[in-house]
Each structure stands twice: as C-alpha cells, then as structure tokens.
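Residues 8 to 358 (this note's numbering) make up the sequence shown, in order.
Careful, some of the hints might be misleading.
Claimed, not checked - DEER-style ranges, computed between Cβ atoms:
hint, residue 1, residue 2, range
1, A27, R338, 49 to 59 Å
2, L184, A228, 13 to 23 Å
3, G59, W139, 29 to 39 Å
4, V62, G127, 23 to 33 Å
5, M190, H211, 20 to 30 Å
6, R337, A181, 15 to 25 Å
In case anyone wonders, no lab produced these hints; they're calculated from the structure. Note that the structure is predicted; figures quoted are calculated from it, not measured. We treat Cβ as the ideally placed atom computed from N, Cα and C, and that holds for glycine.
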Amino acid sequence: MEERPAAEAARRRLILGVRAGLYALVVVLTLAGRRTWGDGIALALLGAVAIGASVPFGHPVVRRWQPVAEGVLACLIMLALDPLPEPMLPYLLAPALAAGLFGGFSPAIITSGLAVLTLGLGRFSRDTATSWTNYLGTISQWGLITLAVGLLGGWVARLQDGQPEPENAAYASAYRLLSQLRMVSRQLSGGLDPVSLSQGLLDHLRPTLSYDRGGVYVRSAGGRLAPMAFSGDERLNWKLEGPPFDEAWAASVPVQQDTALTRGIEGFSAVIPLQIGLRTFGFVALERAQPAFDLDQLRAASRVVEEQALRLETALLFSEVRTLATAEERRRLAREIHDGIAQELASLGYV
8 MEERPAAEAA RRRLILGVRA GLYALVVVLT LAGRRTWGDG IALALLGAVA IGASVPFGHP
68 VVRRWQPVAE GVLACLIMLA LDPLPEPMLP YLLAPALAAG LFGGFSPAII TSGLAVLTLG
128 LGRFSRDTAT SWTNYLGTIS QWGLITLAVG LLGGWVARLQ DGQPEPENAA YASAYRLLSQ
188 LRMVSRQLSG GLDPVSLSQG LLDHLRPTLS YDRGGVYVRS AGGRLAPMAF SGDERLNWKL
248 EGPPFDEAWA ASVPVQQDTA LTRGIEGFSA VIPLQIGLRT FGFVALERAQ PAFDLDQLRA
308 ASRVVEEQAL RLETALLFSE VRTLATAEER RRLAREIHDG IAQELASLGY V
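Given these sequences and hints, build the entire structure.
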C-alpha cells in the first residue's frame, strides 16, 4: 500500500503513542500483580521489542512484515513465563494496529493469526497447571480483540487513502513536474511550439514523399479537426468530415484517393494518421497532380510521421497545460476590466 508522506508520518505518530501507552499499561498491570525476576526480564525484553518496532524502515517489504515480527516476538517472550502472563497480553494490540495502519486488512489478519498460533503452539512446549479450556479461552479472547483492532486500523488507513490530497501537496507535485518539464524543454531541439513542429513535419516529409500541397490537422477540444500548418501554393480545401479522413481514422493506416472522383480536381490525395500508440489525434493531408502515391512511399512517409507524432503531441499537451495555467489570470483581468475600466468608461459615456 503506497502512502503519502504526510499520512505516513501521522500514522507513525499514532502507533508510537499507542505502543508507548500499551507498554506502560502492561508494566503497571504486571508489577501490580506479580513481582518476580522473570517478570522484570520479560518486561525489559518486551520494551526492547517495542523500541525495535518503532524504528521506521523505508523498504516496503520490511515495513509490511515489521508488525508481524513484533507480535510473534512478544508472544515468545510471554511464553517464557509460567503461567501465561495475562497482564502482558494487551500489548498485542500494538502490532495488530500497526499492521492495519501500514499494510491494510491482510497484514492485520496475518499478525493476529500468527500471534494466536504462536501462543497455541507454545502450550505444547510447557508443563503448566492451566487447563486447555482456560488457556484456549484466554488466547481466543485476545485473538479476537487484536483482530478487531487490526481491522479497525486497516479501515482507518483506507479512509485516509481515499481522501484527496491537500491543496499544498497538489501544488508541490505540480512544481516538481513543471521543474522537470523546464529542464527537459531546454534540451529539445525543436522546442514545444505546435505550429513550428507541424511545419517541420511537412518539411521532413517532402524528401520521402514529394507533394504539391500539404497540411497538418489535429483534434481540437471540441473534437473537430483544426489546421496547424500548411505547405504548398495554396491551402487545401478538404472536406474534413468525410472520406478519406473517416477511412484513415477507422483503419489507422494511410489512405489514398483520386481527387478527380471526390472533388472534381485532377490529381491524387493521401491522408496519413498521426498516432500515439493506438490513439489517433490528427492527420497529415497531402496532394499532388501526378503520379499517384506509391504504396512503398506511403509506408516510408508513415514511419516519418510516426517519429514526428510524439514531438507534436508533446507540444500540444504542453500548450494545453499552458492554457489551463493562464485561464485564471484571464479571468482575473476580465474581472478587473469589468469592475474598473469598463465602469469608468460607462460613466464617461453618461457624462
């Protein structure tokens, strides 16, 4: 279970306080009822286990199994005393809660189950006057309590993970991403201007596939095709909602047509889809008079478009992020104009 730093720190403080409180309770209950050297040694060892369990580990696997080891070691310490020291059993709530908070439901169940199993198997290795019925009743009772506490910790952790990050955390993430983007953008040879990259795409295509006129179209926010760049004598007058664009979109392959059949103009046209993976975000449209586009040439042009498509889509994504970042500034200026300059001009008009 991946945790946010603030939530993880809060959980560590919580379990540290619970562990210290339970250990103090165990010490008071034990010394109030029994005062032997064995009890003192067991309390000291239990304190060492509590200190070791409070040390934070960065590795997720170690952090996941740390409460399990704490619970098993605590049970082994208790089994060294005869009879089983019931005043020390409340300490088992600490590893169960830690397992639930840091790992979820499964580690909480495993921690409680292994603790009960350890206490149950330890009964065979000792000669005690306590009957099996009383012994099983005691460990079953505390096993159910530790299980309930562990599941409660898992439920609390799930509720915290489901909450949205605070606003400052979102800004911190945005700052890290924008800092990385700034460093990367300085290393890009073609920059992040969609128009310049679209024009460069047409220039890269000309040595591979000669054409008279060409254009680059991308999907806008409204889902319609918007022109980004043109090359040639005049701009293409494409009917963007019909063939060959629909065929290229559906098949995700270059499509060639005779313009004399579709538009009444002598010549040939080709549409090459712009794709990132399996997603098509635009097209490259080409026209020339003669001859028809060769299949091998179209394949070679598709490879050039595929190489340039990543650059263009990156520039479009950056443009969208920049637009979102400046939207609030535009709204602020609009409010200032409406509340300030616009009203002053209206007053002058009335005068």
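Status of each hint after checking the structure:
no. : hint                     : in the structure
1   : A27 to R338: 49 to 59 Å  : holds, 51 Å
2   : L184 to A228: 13 to 23 Å : holds, 22 Å
3   : G59 to W139: 29 to 39 Å  : holds, 33 Å
4   : V62 to G127: 23 to 33 Å  : holds, 29 Å
5   : M190 to H211: 20 to 30 Å : holds, 26 Å
6   : R337 to A181: 15 to 25 Å : holds, 19 Å
No hint from the list above goes unmet by this structure.
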